[in-house]
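**Student:** As a plain string of letters, each chain reads:
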Amino acid sequence: MHPPSVFDPHSAYAWSIYHLTVVVTILMGVVVLIVTGLVTYVCIRFRERKHPGPRLSYGNRKVEILYTALPLMLLASIFGLMIRNMDASDPIQRTRDNIVVVGHQFWWEIRYPGTGIVTANEVHIPAGKPQMFGMEAADVIHDFWVPQLGRKMDMVPGYHRDVWLAANEPGIYLGRCSEYCGKEHAWMRIRVFAQTPANFAQWEADQEKIPPIPTTGDAADGARYFTTMTCANCHTIRGTSAQGEIGPDLTHLASRTTLAAGRLPNDPADLANWIKDPTKYKPGCFMPDLGLTDEQVRDLVAYLETLR
Amino acid sequence: MSELQVVPAEMERLHRFEETAGLLKWITSVDHKQIGIMYVLATLMFFLFGGVEALLMRIQLSWPGMHFLAPETYDQLFTLHGTTMIFLVVMPLLIGIGVYVVPLQIGARDMAFPRLNALSFWLFLFGGLLLYFSVFYGNSPDAGWFAYAPLTEKPYSMMEGMSFWCVGLLTAGIGTVASGINFIVTVATLRARGMSLNRLPLFTWMTLVNSFIILGALPALNASQVMLLLDRELHTRFFNPTGGGSPILWQHFFWNFGHPEVYILIIPAWGMLSEVIPVFSRKPIFGYTFVAASTVAIALLSFWVWGHHMFAVGLGHWPDIFFAATSALIAVPTGIKIFAWIGTMWGGAIRFTTSMMFAVAFLIQFTMGGVTGIMFAVVPIDWQLTDTYFVVAHLHYVLFGGTLFAVFSGLYYWFPKMSGRMLSERIGRWHFWLTVIGFNATFFVQHIVGAMGMTRRVWTYPNLPRWAVLNLISSIGAFVLGFSVLIFLWNLWVSAKRGEPAGPNPWDAWTLEWATTSPPPEYNFREIPPVHGRRPLWDLQHPESEKNPKEHG
Numbered sequence: 000m001h002p003p004s005v006f007d008p009h010s011a012y013a014w015s016i017y018h019l020t021v022v023v024t025i026l027m028g029v030v031v032l033i034v035t036g037l038v039t040y041v042c043i044r045f046r047e048r049k050h051p052g053p054r055l056s057y058g059n060r061k062v063e064i065l066y067t068a069l070p071l072m073l074l075a076s077i078f079g080l081m082i083r084n085m086d087a088s089d090p091i092q093r094t095r096d097n098i099v100v101v102g103h104q105f106w107w108e109i110r111y112p113g114t115g116i117v118t119a120n121e122v123h124i125p126a127g128k129p130q131m132f133g134m135e136a137a138d139v140i141h142d143f144w145v146p147q148l149g150r151k152m153d154m155v156p157g158y159h160r161d162v163w164l165a166a167n168e169p170g171i172y173l174g175r176c177s178e179y180c181g182k183e184h185a186w187m188r189i190r191v192f193a194q195t196p197a198n199f200a201q202w203e204a205d206q207e208k209i210p211p212i213p214t215t216g217d218a219a220d221g222a223r224y225f226t227t228m229t230c231a232n233c234h235t236i237r238g239t240s241a242q243g244e245i246g247p248d249l250t251h252l253a254s255r256t257t258l259a260a261g262r263l264p265n266d267p268a269d270l271a272n273w274i275k276d277p278t279k280y281k282p283g284c285f286m287p288d289l290g291l292t293d294e295q296v297r298d299l300v301a302y303l304e305t306l307r
Numbered sequence: 000m001s002e003l004q005v006v007p008a009e010m011e012r013l014h015r016f017e018e019t020a021g022l023l024k025w026i027t028s029v030d031h032k033q034i035g036i037m038y039v040l041a042t043l044m045f046f047l048f049g050g051v052e053a054l055l056m057r058i059q060l061s062w063p064g065m066h067f068l069a070p071e072t073y074d075q076l077f078t079l080h081g082t083t084m085i086f087l088v089v090m091p092l093l094i095g096i097g098v099y100v101v102p103l104q105i106g107a108r109d110m111a112f113p114r115l116n117a118l119s120f121w122l123f124l125f126g127g128l129l130l131y132f133s134v135f136y137g138n139s140p141d142a143g144w145f146a147y148a149p150l151t152e153k154p155y156s157m158m159e160g161m162s163f164w165c166v167g168l169l170t171a172g173i174g175t176v177a178s179g180i181n182f183i184v185t186v187a188t189l190r191a192r193g194m195s196l197n198r199l200p201l202f203t204w205m206t207l208v209n210s211f212i213i214l215g216a217l218p219a220l221n222a223s224q225v226m227l228l229l230d231r232e233l234h235t236r237f238f239n240p241t242g243g244g245s246p247i248l249w250q251h252f253f254w255n256f257g258h259p260e261v262y263i264l265i266i267p268a269w270g271m272l273s274e275v276i277p278v279f280s281r282k283p284i285f286g287y288t289f290v291a292a293s294t295v296a297i298a299l300l301s302f303w304v305w306g307h308h309m310f311a312v313g314l315g316h317w318p319d320i321f322f323a324a325t326s327a328l329i330a331v332p333t334g335i336k337i338f339a340w341i342g343t344m345w346g347g348a349i350r351f352t353t354s355m356m357f358a359v360a361f362l363i364q365f366t367m368g369g370v371t372g373i374m375f376a377v378v379p380i381d382w383q384l385t386d387t388y389f390v391v392a393h394l395h396y397v398l399f400g401g402t403l404f405a406v407f408s409g410l411y412y413w414f415p416k417m418s419g420r421m422l423s424e425r426i427g428r429w430h431f432w433l434t435v436i437g438f439n440a441t442f443f444v445q446h447i448v449g450a451m452g453m454t455r456r457v458w459t460y461p462n463l464p465r466w467a468v469l470n471l472i473s474s475i476g477a478f479v480l481g482f483s484v485l486i487f488l489w490n491l492w493v494s495a496k497r498g499e500p501a502g503p504n505p506w507d508a509w510t511l512e513w514a515t516t517s518p519p520p521e522y523n524f525r526e527i528p529p530v531h532g533r534r535p536l537w538d539l540q541h542p543e544s545e546k547n548p549k550e551h552g
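As they're listed, the protein sequences go chains Y and Z.
Counted from 1, the first sequence has number 281 at position 282 by numbering that gives the first Met the number 0; the numbering is strictly sequential.
Counted from 1, the second sequence has number 121 at position 122 by numbering that gives the first Met the number 0; the numbering is strictly sequential.
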């Protein structure tokens, strides 16, 4: 897993920004060193004890012009570097979106317009292939930021933005919402799974399938509860009558590694805990405690675990 | 020495005025010195509020997975902390010190509009209290100090917190605009004979320039707050996308105020340094004209840089490049000042009073805040680092390591004038070193943890490699910093009671505020020394400087 560090670039875009950041940081470090050096020198050399008689001086026009012109030249060169860098970090040519991410309070809806796949919170991409991400928001402003893969982009309701992101090699890249969006902003995390093209194709094929509705055992009861109780008001499971659009699509919930935008690992025990009392784990989330009995929770978990 | 004729009958009236006493005298005061002191005291109170809010947040963030604060409490705390420190501490503190010092520096008896001056203060105080009343009302503002719509719109913020934010700041903001007008008219009309504009002490000059920025910027904020309030309470749709409004419009309006505001928060602080550094280096300022003119350049440019807060919004490359260019340009006049202060110290005989030490620390820390500012003007770097702890570090290096260090410097410098007593230098040393250590420990590590991916405004964070220890260092630093503030307050308290008497001019300084007793009488000056140059009191001691055209300005 790659932590969300600016210093760990894994795409051409992130590399480009990383290079610029390093160059500018070094230049700025030199500026700080020069100023610190001058201040230290002046403080030691011209303290009253060492230098009791101040020199009367009102300025020196040449020096003044120098300390105006030199910073201006430094800034102009940084500006030049920046212009050259911008198109490499964030190419302006656009293609059709590979993926559309919609920010919600407090989770991510992820759509693949080409295949119709809909998932949540965990983005799968083929490694080595630049992906055109569309960014949208359903309620307030969010910001999609996976620094290893490229720039961040605000998701503003009412606007559609496009941004190129890529991962050079397979791996799991951690990111998060980067614009304060309310109470659970802290638990609005992202995982990007970059996969080899073969694995990605396999994942796509799995996601396109509609999971069968279980007909026996606890899972069958769970499936019935899901479609007849409150769950279906908010969640969609393709192939069933549950077509709610408020919460994440659960068609392939069991194929995901985490629950609730990274809040809990996705295993049966945590899933049960989550269903019993979501706000215990994510106090600002909009999924209520539904007052389910332990049996109902057990059956629902059994059902949801079949959604591979 | 006796250019000003004192009319005896006038003196009689002034003496009668002195006889009123007690708390009533303060509350009813229209005297700029009392109002200035009330500003300082009120901002110290809000500073304690804002500081406690910061410490509570740092406890919560000291380790991953802490459950010291609930998320909604944390959200209210960071909103209150930012709003308090910007609108109720730094801005009124700078205005308050200006209200005290500016009339004295130009040899005036008061501000041009003394009653308006009092109104400004009370509007600020009650605006601030109105904002804090939200705490007792049950819900404080919780959408961050820049209050991005639509999170601040009714559907996403049902409680009244954000309405309190609008109304409280609107109230205080009207007072701020009035202060701006008051400063401009005061400096324009009440300068002592001989004090031409190019002889203005730099603190007064910068307060004057600042007042023009206030007039340009504050109305943008207040107008957008009215619009937001209408959206919230009367269901208009200025910023609500579901009715044709635009959340991006709020950002343009807000930052059109917000970036000039950043300069409102630093320019008078630069003015303080431009007084302190020459006096304690025993030299006039290096390149007065460049320092004065660069301030005007900043004032003009400050209205053209707001878009650099919105690089991540995706406005397109050309708007980004425009704002990157203006933002980079504004670094030039800022650099001019840093080098002018170093030039002033060069060849001087530097006295390391506590005031001077804070000024020297400013030079280095503010430069660090400045260079990270330049990094944010480089668009792709901003695309990565905006809204992370790198920004939090940057803005605290500028506003705390910069402005507040300058304000400490200015308070150590002017406290003797305000109170008639010196602040303790011994306690001052403790205050200085603890502040430097606490400040850098708190905020330097935030650069690193920000670049490692920690975003701002999160009440908890994952236990990724090194995040925990960096946050712990920051939290420990915050408590050192909190302790240093207590030491400062202790210094103010004991020195006001038992400090060494200051006399009229303890620092052997040059500007007119030192030509009268400490504290000055209500009418400020019995007589105003003649002003022939930028350093009137120096001219008195050095009659030969009459011949030096450079002293004349």
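Mixed in with the good hints there might be a few duds.
With a straight-line Cα cutoff of 20 Å, these simulated PhoX-like cross-link-like pairs (lysine-lysine) come out [claimed, not checked]:
no.	chain 1	residue 1	chain 2	residue 2
1	Z	Lys153	Y	Lys61
2	Y	Lys182	Y	Lys279
3	Y	Lys182	Z	Lys153
Label pairs and their computed distance ranges (CB to CB) [claimed, not checked]:
no.	chain 1	residue 1	chain 2	residue 2	range
4	Y	Gly216	Z	Gly315	43 to 49 Å
5	Z	Gly243	Y	Gly36	39 to 45 Å
6	Y	Lys279	Z	Phe351	54 to 60 Å
7	Z	Val295	Y	Lys279	55 to 61 Å
8	Z	Ile58	Y	Arg83	24 to 30 Å
9	Z	Arg428	Y	Gly127	39 to 45 Å
10	Y	Arg83	Z	Met44	36 to 42 Å
11	Y	Gly28	Z	Phe351	48 to 54 Å
12	Z	Pro154	Y	Ser240	36 to 42 Å
Think of the hints as simulated: they come from the structure by calculation, not from any bench.
Just so you know, even glycine gets a beta-carbon here, dropped at the ideal spot from N, CA and C.
**Student:** Going through the numbered hints above, which ones does this structure break? Give me the numbers in ascending order.
**Tutor:** Hints 1, 4, 5, 8, 9, 10, 11, 12 not satisfied by this model.
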